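Colleague: Given the structure of chain A, go ahead and fit chains B, C, D, E and F onto it with the hints provided.
Chains as they are written, first to last, in my numbering: chain A, 11 to 130; chain B, 11 to 130; chain C, 11 to 130; chain D, 11 to 130; chain E, 11 to 130; chain F, 11 to 130.
No lab work stands behind these hints, which were simulated from the structure alone.
Just so we're clear, the structure is a prediction, and the values are computed from it rather than from any experiment.
A hint or two may mislead.
Note that identical chains are pooled: a pair holds if it fits in a single copy or bridges any two copies.
As the list claims (entries may be wrong) - Straight line, CA to CA, 30 Å or less: simulated DSBU-like cross-link-like pairs of lysine-lysine:
id: 1; residue 1: 82; residue 2: 130
id: 2; residue 1: 63; residue 2: 82
id: 3; residue 1: 37; residue 2: 63
id: 4; residue 1: 82; residue 2: 37
id: 5; residue 1: 130; residue 2: 63
There are 6 protein chains.
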Amino acid sequence: MSRFERGMAALQNIHGSAGQEVYEAVKPFDEVFARRMIENIGDVFSRPGVDLKVRLAANLGALVAQQSPQLKVHINAALNVGLSPDEVKELIMQMVLYCGYPTCIYALRAAEQVFSERPK
Amino acid sequence: MSRFERGMAALQNIHGSAGQEVYEAVKPFDEVFARRMIENIGDVFSRPGVDLKVRLAANLGALVAQQSPQLKVHINAALNVGLSPDEVKELIMQMVLYCGYPTCIYALRAAEQVFSERPK
Amino acid sequence: MSRFERGMAALQNIHGSAGQEVYEAVKPFDEVFARRMIENIGDVFSRPGVDLKVRLAANLGALVAQQSPQLKVHINAALNVGLSPDEVKELIMQMVLYCGYPTCIYALRAAEQVFSERPK
Amino acid sequence: MSRFERGMAALQNIHGSAGQEVYEAVKPFDEVFARRMIENIGDVFSRPGVDLKVRLAANLGALVAQQSPQLKVHINAALNVGLSPDEVKELIMQMVLYCGYPTCIYALRAAEQVFSERPK
Amino acid sequence: MSRFERGMAALQNIHGSAGQEVYEAVKPFDEVFARRMIENIGDVFSRPGVDLKVRLAANLGALVAQQSPQLKVHINAALNVGLSPDEVKELIMQMVLYCGYPTCIYALRAAEQVFSERPK
Amino acid sequence: MSRFERGMAALQNIHGSAGQEVYEAVKPFDEVFARRMIENIGDVFSRPGVDLKVRLAANLGALVAQQSPQLKVHINAALNVGLSPDEVKELIMQMVLYCGYPTCIYALRAAEQVFSERPK
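Pulled out of the complex, with its shape left as it was, chain A reads as follows (with noise of 0.2 Å):
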């Protein structure tokens, strides 16, 4: 299995088929540096030893206190690997002690968008 079929089976594991697109989009941009993208994604989340959902809420820390753009993929990657819905509130939640108020209301706004749109 090549590096880059390895990131491939992550991305699909953890972003389904939205990191398939995202894939899609930044392959115009540059082909090797979205495939060099996968490669790194699959070269963090095939290494064993640490449960997805620990590693997901890792993910949500960051991007939390990042205020990213790209909070609703990984809040939507979190319920991939299989935090429940309420695991992400509470981690959000969480993060008020960390980040303040402004940035928690931003992530669970973002959370709730998620919540409603993904398929029941």
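Modeller: What follows is chains B, C, D, E and F alone, placed relative to chain A:
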């Protein structure tokens, strides 16, 4: 059990003696503020439904993203709640995808200091 | 007067009807979290000894520095507690020294929107 | 009164001898840049219509949010223009709502250092 | 040539008609502030000794790192001073090493919008 | 030439002996991660079409904006690829327009340390 007592229990559970030290350090600044801090920590971390390892992974993500001078406190906390040094290392390496190398290397050095300072 | 009532009074005083709206928006996400938010706001803003105009100036500084999507809420709050539009403008222009022009222009546009939306 | 003289007066008023030191420290790096810095500070802080205490509160908010290594300089400045140590403490504690605890504790420690270093 | 004239020339050179638009947009907010902005831009960009392409590369780095809502303005400026679209793309891809993927993808989308909006 | 060899060549070219030191420092943390870091650096900096001086100017912008503790490493790198100390100074002074004075002064001090530590 009062909110404060619940908070002190959570603090002890997560931060161990370092938590008590932060509380004692903040108290002379403002006693009410120090107490509210403990209560707010208790409000979050006593909520059921999310594994403490998952909660601390989210903290790691946020504090790495912020290049927080408090990062070492939260690496210690991650170890206290049962994440292994290898899991902490994995999460920090994962952050390179979201925060880049310089921030990641800052975190990696903090982790190495924590690992070497903790009693085996 | 309970912490919650004191918080709602502070919220009304500072954020006016927008404060009520934020509370109503957060409540469906998590009612306890929404209540704690109000209580924490009350804990801070009901403390005597600092003029509310001074307090809201500090908020402006922080939210401009963060390029917060919540900035408009706090510009409105600054006006609610008695800072004049000219004072808000001065503070935003001052921030160029500490945050640079792009961040400052982001804030300046938020202020202009707030000024044009408020009833005269 | 030239822009530079006005700036030096504002610097003296706000930063006291520490302002002179910053100017002297920047001058060998680039004399024109150092002069422009003073002129820009003068341009902002000599504008009428906003109480210097309000202006410095906004600085505190911004520099706390940035976890700025220059925070101590601006805590000193806040005290120089007439904010009391208690007011500075209140503003820093207020920032927990907007920046979270780790950032707030960083600021709180900076304030304690400033308070202990200033001549009584 | 006054500082303002020099600044307007630099603005025209770097930002083209978009620079004029920013100036016109800021002027109603505060005319003196708008003029000072132009003068400060002129002070920096009229200094000899650094290629404008090198200068705009540094701007790109800073505004990508800040996830600035003004990023598109500076991508346009980079193209105006002679960086090719391919060079801009390379610099944005390079930023993944220092800012991570989500920030990089934000910048990449901004660049694609700029490329498609510019007259060929 | 393998990706790793290409990365080590780029590292040597850009970071000189400091690059080797960073690699050696990261290796005990995780050897695979250290190798991937080198490969990713090689992937970026071995791409043709952009002058290394332009590339390092972008790094300077990003790391100044982040107030990165790694800033000195990248100032050294900028000098290694042929930016003169005067060019580095110009770029740092330019950053005041985008990041404000406190951040700029932090960078200016880092640059002065680098200049004084480098062999003439």
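Colleague: Identify every previously stated hint that the structure contradicts and give their numbers, smallest first.
Modeller: Of the numbered hints given earlier, the structure breaks none, since each of them holds.
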